[in-house]
Amino acid sequence: MAGSDIAATGGRTASAPAAAGEPRRRLSGGPFWLVVPALLLLVAVLGLPLAMIVMRSFAEPRWGLQNYFWFFGTPVNLIVLQRTFVISAWVAVVCLVCGYPYAYVMTAVGPKLRLALILCVLVPFWVSGVVRTLAWVILLQDSGVINSVLRGLGLGSVRLIRTQTGVVIGMAQVLLPFMILPLYSVMKTIDLRLVQAARSLGASPARAFLQVYLPLSLPGVYAGAIIVFILALGFYITPALLGGPRSTMLSTLIQNQVLSLLNWGRGGAMGVVLLIATFVLLAIAAPLMRQPHRQGERR
Amino acid sequence: MKLPSRILLGLFCLLVAVWLVAPTFVVVPMSFNEKKSLAFPPDGFSWQWYHNFFTNTDWSSSFFSSLKVATVTALVATVLGTLAAFGLDRMKSRASGVLRALLITPMVVPGVVLAVGIYAVYLDTHLVGTMTGFVLAHTMLAIPFVIIAVSASLEVFDRRLEVAATSLGASRLTAFRTVTLPLIAPGMLSGLLFAFVTSFDEIIVALFITSPYLKTLPVQIYSSITRDADPTVAAVGTILFLVTSLVIGAGLIIGSRQGRR
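So the sequence lines, in the order shown, correspond to chains Y and R. Counting with the numbering used here, you get residues 1 to 299 for the letters of the first sequence. Counting with the numbering used here, you get residues 1 to 261 for the letters of the second sequence.
Calculated from the structure, these hints are not laboratory results. One or more of the hints may lead you astray.
As the list claims (entries may be wrong) - Not the full set, but computed from the structure, chain R residues with beta-carbon under 10 Å of chain Y: (1) M30; (2) L38; (3) V108; (4) A115; (5) I221.
Unchecked claim - Derived SDA-like pairs (lysine to any residue); straight-line CA-CA distance at most 20 Å: (6) K36/R / V137/Y; (7) K188/Y / L9/R; (8) K112/Y / L14/R.
Said to hold, decoys possible - Chain R regions said to be covered by chain Y (calculated; three or more residues, Cβ under 8 Å): (9) 11 to 25; (10) 195 to 204; (11) 230 to 243.
Backbone N, C-alpha and C fix where the C-beta goes; we use that ideal spot for every residue, glycine too.
Looking at chain Y on its own, in the form it has when it is part of the complex:
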C-alpha cells in the first residue's frame, strides 16, 4: 500500500534517487506480499476444507465424540486401519528392497547408463496415474499377462487381482521413484574412499557395507521410506481398482461413508484419524530426513 502511494505522489523524478535505497527496504516487508496470493488460495482450498472435516467429525449428527467412539469401537474399522498400515509398510519395504540396490548402481555406473537408469525412474511419472493402474489391471487379472505367461510355462495360475499382493505390487511400482530419488541424492554424496579404507584395514565386504556404507546412506533410507509410507497411507485409486473387499484401505472407507452413506460425521472422523497419522509420522521423520544437510554444514 505504502509503496503505491509513494509511486503515485513521487512520480518520475522521485523514483530515481529512491531506487538505491529501495532494495533494502523491500527485503524487510515486501517479499511477504508476494507469497500472499498463494497463501490465500491455500487457506481457501486446503485450510477451509480440512477445518470443515474436523468440525463435522465433532458436530454431525450432533456435537460430541460419538463418531470417534464409533470408529474405534467398530472392529471392521480397526481391521481396515491396521490393514492400511500393514499394506503401507509392505509397500515401503518392497520399495526399499528394490530401490536401494538400484540407487546404488545409479551412483556406480558411467554417465550414459546413469541417464538411462534415471529415465526409467522418471518414465512412470509421465504416464497418467489412472492409465498406469489400468496397466496393472491388464497385467494382474486372471486372464492377464502374468497369468497367461505362467500358464504358458505350465505353472498354473495365481490369483493376483483383488488380493493384497496385487495391491502391494501395483502401489510399490507407483511409489518406487519416491524411494529411489532420495536414496540416490544421499548416496551420490557418500565418499566411496571410506569403504575402500575399511576394506584395506581388513574389513570383509559385508562388514564394510554394514558399518560404513549403510549408516551413511540411512538419511536417504529414512526419507524414502517415510515418504513412500505416508503416500501409501492415503492411496485410493490403486486399491480401489486392484483390490477387493479384503484389501479395502481407509481411503475407500472414507469415500464410502461420505458419498454412499452421506455420513459426513463418520467419514470426517476417519479422515481426521488418517490426517493425524500422516502428520505425526511427518513430525517424527522430519529430523531424520534433515540429516544430510547437517552433515554438509559440518564439513
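Chain Y is already provided as a structure; the job is to place chain R on it using the hints.
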C-alpha cells in the same frame, strides 16, 4: 566388488527397471484389440478404439474439459507459484522455511481427506462441477511443484546481476524483465509443465467435485474401467503416453541446447 555379485546386482537392476517401465507399454497392444475385452493377449488388429475416442462425445468432451482446466491451472499456478518462490527467496530464512513447508503441504495431505473437505466446501459455495472449482483445487495442488521448480533456479541465480542492472540505470521492472526473467525461465517452464500434468492427471478431487456437465478425462477413464472392459481406455492411455513423451522429449532437447550455450 567381485564379478558374480556385480552381475547379480546388474540383473536385479534390470528387473527393477523393467518393472518400472514395462507396465506402461502393456496398454499399447491392448488398444488395437479387435474384441471388446482387456484380456491378454489381444485378438486381431483394429483402430476402432481410437476411432471411438475421437467420435464418442463422452470421451472427446471430457478430453477438452481436462485440456481447458489444465491450461488455466498451469497458467494461474505458474504466476502464483513464481511470485511465492520469489517472496520465499527474499525473506528471512526462518519465516520462509515455515511458509515453504506450509505451501507444499498439499503434496502430503491424503487425497481422499482433501477431496472430501473440498467437496463439503464446494457444496456450500455451489462450486461442484464448475470450471472455477476445478481450477481452484488443481491450482492449489499444482503450486508446490511450481515453487519447487522456480526455487531451484532461483538458488543458482546470482542476485548481483539484478543489482548490476539497476546500478546501470535500469528500473526494477526492466531489470526483472530483461535479466531475472530470462534466467529463471527454464524453472518457470518446468513448473508450468508440472502444473499442467498435475491438473491433467488429477483424479481423486475430480471424482468428488465432478458433475455430468463437467467431467475430466481421468474421471471418464476411471468410470470406464470400473464399468466395463472397454479398450478405449487403452487407446487413450497410448495417446496420452505418446503426447507426453513428445512434450518431454522436446523439453529435454530445448533444455540441453540451453545448457550447452
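Taking the hints in turn, this is what the structure says about them:
1. Annotation: M30/R was flagged as interfacial toward chain Y, and the flag holds, the nearest CB pair being 6 Å apart, inside 10 Å.
2. For L38/R, the shortest C-beta to C-beta distance to chain Y is roughly 6 Å, which falls under 10 Å, so the interface hint holds.
3. Using the Cβ-Cβ criterion of 10 Å, the hint placing V108/R at the interface with chain Y is satisfied: the shortest such distance is roughly 6 Å.
4. A cut of 10 Å between beta carbons decides the hint on A115/R: the least distance to chain Y is about 8 Å, and the hint holds.
5. Interface restraint check for I221/R: the shortest CB-CB distance to chain Y comes to about 5 Å, inside 10 Å, so the restraint holds.
6. Distance restraint check for K36/R and V137/Y: the Cα-Cα separation of roughly 15 Å lies within the 20 Å cut-off, and the hinted pair is therefore satisfied.
7. Under the criterion of a C-alpha separation no larger than 20 Å, the hint pairing K188/Y with L9/R is consistent with the structure, at around 18 Å.
8. About 15 Å separates the Cα atoms of K112/Y and L14/R, which keeps this hinted pair within 20 Å; it holds.
9. Residues of the segment 11 to 25 of chain R with a Cβ under 8 Å from some Cβ of chain Y number 9, which satisfies the need for three, so the listed coverage holds.
10. Restraint check on the segment 195 to 204 of chain R versus chain Y: 5 residues with Cβ-Cβ distances below 8 Å, three needed, restraint holds.
11. Given a C-beta distance limit of less than 8 Å, the hint that chain Y covers the segment 230 to 243 of chain R holds, as 6 residues qualify and 3 suffice.
Against the hints set out earlier in the document, no violation occurs for any number.
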